[in-house]
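These protein sequences, in sequence, are chains A and B. All residue numbers for the first sequence refer to full-length UniProt numbering, where the first residue is 1 and numbers rise by one. All residue numbers for the second sequence refer to full-length UniProt numbering, where the first residue is 1 and numbers rise by one.
A couple of the hints might just be wrong.
[Said to hold, decoys possible] Not close to chain A: a few residues of chain B, all C-beta gaps over 12 Å, as computed:
#, residue
1, Leu-198
2, Leu-270
3, Ala-301
[Claimed, not checked] Stretch by stretch, here's where chain B covers chain A in the computed footprint (C-beta under 8 Å, at least three residues):
#, region
4, 228–236
5, 305–311
Think of the hints as simulated: they come from the structure by calculation, not from any bench. From a predicted model like this one, the values you see are computed outputs, not experimental measurements. Using N, Cα and C, we set each Cβ at its ideal position, and we do this for glycine too.
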Amino acid sequence: MVLVRAVAGRVLASLGTLLIVGLALFVLTRSGPSSPARIVLGVDATVEQIRDFERVNGLDRSLLAQYGDWLAQVARGEFGRSFVTGRDVAAEIVNALPVTLSIVLTAFAIAVVFGGALGTAAALRPGGVVDRLSRFGTVIGLSIPAFWLSILMIRVFAVDLRWLPPGGYAPLSAGLVTHLQFVAMPALSLAVYYVAVLARMTQASLQETLRSDHVRTARAMGLPRRKVVVYALVNALPPVVNLAALSFGYMFGWALIIEQVFNVPGLSRALLNAISQRDFLLLQGIVFLFTAVFILANLSADLVNRLLDPRQRTAA
Amino acid sequence: MTAPLIDIQDLRVGFRAGGRRMVEAVRGISLAVRPGEAVGIVGESGSGKSLGMLAVMRLLAGGARITGGRILFDGEDLAAAPERRMAALRGRDIAMVFQDPQSSLNPALSIGRQIVDVVVAHQAVSRGRAAEIAVDALERVGIRDASARLGAYPHEFSGGMRQRVLIAMAIACRPRLLIADEPTTALDVTVQAQIVDLIAELRRDLGLAVLFISHNLQLVAEIVDRVVVLYGGKLVEDADVFAIEDSPRHPYTRLLKACVPSLTAPPGPLFAIDGAPPRLGAMPPGCPFAPRCPRALPRCAAEMPPLTVEDGRRLACWNPQ
Numbered sequence: 001m002v003l004v005r006a007v008a009g010r011v012l013a014s015l016g017t018l019l020i021v022g023l024a025l026f027v028l029t030r031s032g033p034s035s036p037a038r039i040v041l042g043v044d045a046t047v048e049q050i051r052d053f054e055r056v057n058g059l060d061r062s063l064l065a066q067y068g069d070w071l072a073q074v075a076r077g078e079f080g081r082s083f084v085t086g087r088d089v090a091a092e093i094v095n096a097l098p099v100t101l102s103i104v105l106t107a108f109a110i111a112v113v114f115g116g117a118l119g120t121a122a123a124l125r126p127g128g129v130v131d132r133l134s135r136f137g138t139v140i141g142l143s144i145p146a147f148w149l150s151i152l153m154i155r156v157f158a159v160d161l162r163w164l165p166p167g168g169y170a171p172l173s174a175g176l177v178t179h180l181q182f183v184a185m186p187a188l189s190l191a192v193y194y195v196a197v198l199a200r201m202t203q204a205s206l207q208e209t210l211r212s213d214h215v216r217t218a219r220a221m222g223l224p225r226r227k228v229v230v231y232a233l234v235n236a237l238p239p240v241v242n243l244a245a246l247s248f249g250y251m252f253g254w255a256l257i258i259e260q261v262f263n264v265p266g267l268s269r270a271l272l273n274a275i276s277q278r279d280f281l282l283l284q285g286i287v288f289l290f291t292a293v294f295i296l297a298n299l300s301a302d303l304v305n306r307l308l309d310p311r312q313r314t315a316a
Numbered sequence: 001m002t003a004p005l006i007d008i009q010d011l012r013v014g015f016r017a018g019g020r021r022m023v024e025a026v027r028g029i030s031l032a033v034r035p036g037e038a039v040g041i042v043g044e045s046g047s048g049k050s051l052g053m054l055a056v057m058r059l060l061a062g063g064a065r066i067t068g069g070r071i072l073f074d075g076e077d078l079a080a081a082p083e084r085r086m087a088a089l090r091g092r093d094i095a096m097v098f099q100d101p102q103s104s105l106n107p108a109l110s111i112g113r114q115i116v117d118v119v120v121a122h123q124a125v126s127r128g129r130a131a132e133i134a135v136d137a138l139e140r141v142g143i144r145d146a147s148a149r150l151g152a153y154p155h156e157f158s159g160g161m162r163q164r165v166l167i168a169m170a171i172a173c174r175p176r177l178l179i180a181d182e183p184t185t186a187l188d189v190t191v192q193a194q195i196v197d198l199i200a201e202l203r204r205d206l207g208l209a210v211l212f213i214s215h216n217l218q219l220v221a222e223i224v225d226r227v228v229v230l231y232g233g234k235l236v237e238d239a240d241v242f243a244i245e246d247s248p249r250h251p252y253t254r255l256l257k258a259c260v261p262s263l264t265a266p267p268g269p270l271f272a273i274d275g276a277p278p279r280l281g282a283m284p285p286g287c288p289f290a291p292r293c294p295r296a297l298p299r300c301a302a303e304m305p306p307l308t309v310e311d312g313r314r315l316a317c318w319n320p321q
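Bound conformation, chain A alone (with noise of 0.2 Å):
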């Protein structure tokens, strides 16, 4: 019951950040100097057309009642239809989202993988050679910038080795093995940094527990090493999960990027072309489905973290 309360508490406050997002969101878009209605009529359109394009789609209409009814749709699970290509904007991010979705994923699971256990494996050994190789990796998997590793990487395992396609991307109906091949280089760019950044969160946080009073009881009762260290690794978990949920956000973000790089038709490709076009809904929808990622995430890390955390069941 304590659970519900507080989990219905968090989804409310979360739509209460979704609404303001997408105010902000709608303020910002139409705030640009050029109507939509100049791209897509062009410069030769006379000023009555112009008048008319915007009448039929309401861009004539005040900038509050557009968001209300921008609202009432999103609330029914539309998108609405764009009035630049005409297409539903709902089915044109079903289309790409599972393009980004894959290589954030994908991109994900190693960061978390391979980020935890490498701070695990140099907290339990301070000084020793994992540590010291984690210390030099972490600063620079931290200073690589994404694209210019993914530039590398095609240069050495699609130019040099012919391992790997260069760009471009194929479905997982295409079969696994092919799947993997175009996501494998996109994810590990984009991994990279957030390895390196889950690693030094884990291998501080862990640490830190082993110092910490309740491991030194654990000790003097005689717990044996594995069990004091399973423990341990449960009590220094919660920072971790949360930079995770944060991480896993800021990918979608830095995936834009990478898809460019890589020339993978995801969300990056819809909003730039929104974004070059004046499409409002259809950047609206991309980025109200970016906040909505972010927030979804950060509502996880938190249940994780009270499964994890007795004091903060009790606390709520």
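Starting from the known structure of chain A, arrange chain B on it as the hints suggest.
Chain B in isolation, oriented as in the chain A frame:
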């Protein structure tokens, strides 16, 4: 005289202080405890009392390590025992409770689970049977309705209750030696007395030997048979508790006794010993207390007095009272 349960011989603990230089914080302490005996270890911060006992448990951290001496427990030298052997002894034969009960329990695990873990680590019993042992231990330390509280988490207990839980964890496997490192320092005064009474009671009922570390001579005196006074990593006086109370001979012991405010004496300014304990790495060649000692002779600063034994009292002083 029965054979000692633990016989610490010339124990030395050092830190690495920049490069190869070692700084000694425990400088050759010898101390034997018989089965069932309670010994108080008293001294200021930095006297080496906690560090010495952590060394006995082989739980030294932060670059400290045993640099010399032997720790004979039942004739076995713990200073040379492998870590696996120590893990088996800890909690089963020697247990330790620490100063801060707020942070000494794992906040993520129920207290039942934490005690059961200790029991199954040392005894070949099922977790169900171990839970019964845990309930037993909790009831013994005065936690009522223990079986209903097994699932409770540390943050649901007060500081004093947490210290009881930690003591229950320590005695669950019936160790022969309990090391208590200032177990009452972080607690309210009324709770302090309860915990001290509890340790005295457990010692009587279970036949535990107790090493009780404290900076409070009066508190320790209530439950121990013998008091060992440490200063600057050296043992300066060791005598029967009544002898320490009535006729302390080392000037430091006398001053330490004067530091505890009395309820019966007329109110006045609190007494404090002038000066500060010597810094690690800057130990004077002679008696470490000489710079603060009101009875210091010229020779005190130059030469460390030997530990003499007289009428069961050990004393290291050139000019005792």
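Exercise. According to a criterion of three or more residues whose C-beta lies within less than 8 Å of a C-beta of chain B, is the region 228–236 of chain A covered?
Worked result: holds (count 3)
Problem set entry | chain A versus B:Leu-198 - minimum CB to CB distance exceeding 12 Å, so not interface | holds, 18 Å
Exercise. If you look at each residue in the region 305–311 of chain A, do at least three have a Cβ nearer than 8 Å to any Cβ of chain B?
Worked result: Since 4 is at least three, the answer is holds.
For this session: Please settle this one: B:Leu-270 was flagged as non-interface, so is its CB more than 12 Å from every CB on chain A?
Result: Correct as stated: the minimum Cβ-Cβ distance to chain A is 30 Å, above 12 Å.
Exercise. Can we trust that B:Ala-301 is non-interface, i.e. its beta-carbon lies farther than 12 Å from all of chain A?
Worked result: About 38 Å separates B:Ala-301 from the closest Cβ of chain A, which puts it past 12 Å; holds.
Hint check: no violations occur; every hint is consistent with the structure.
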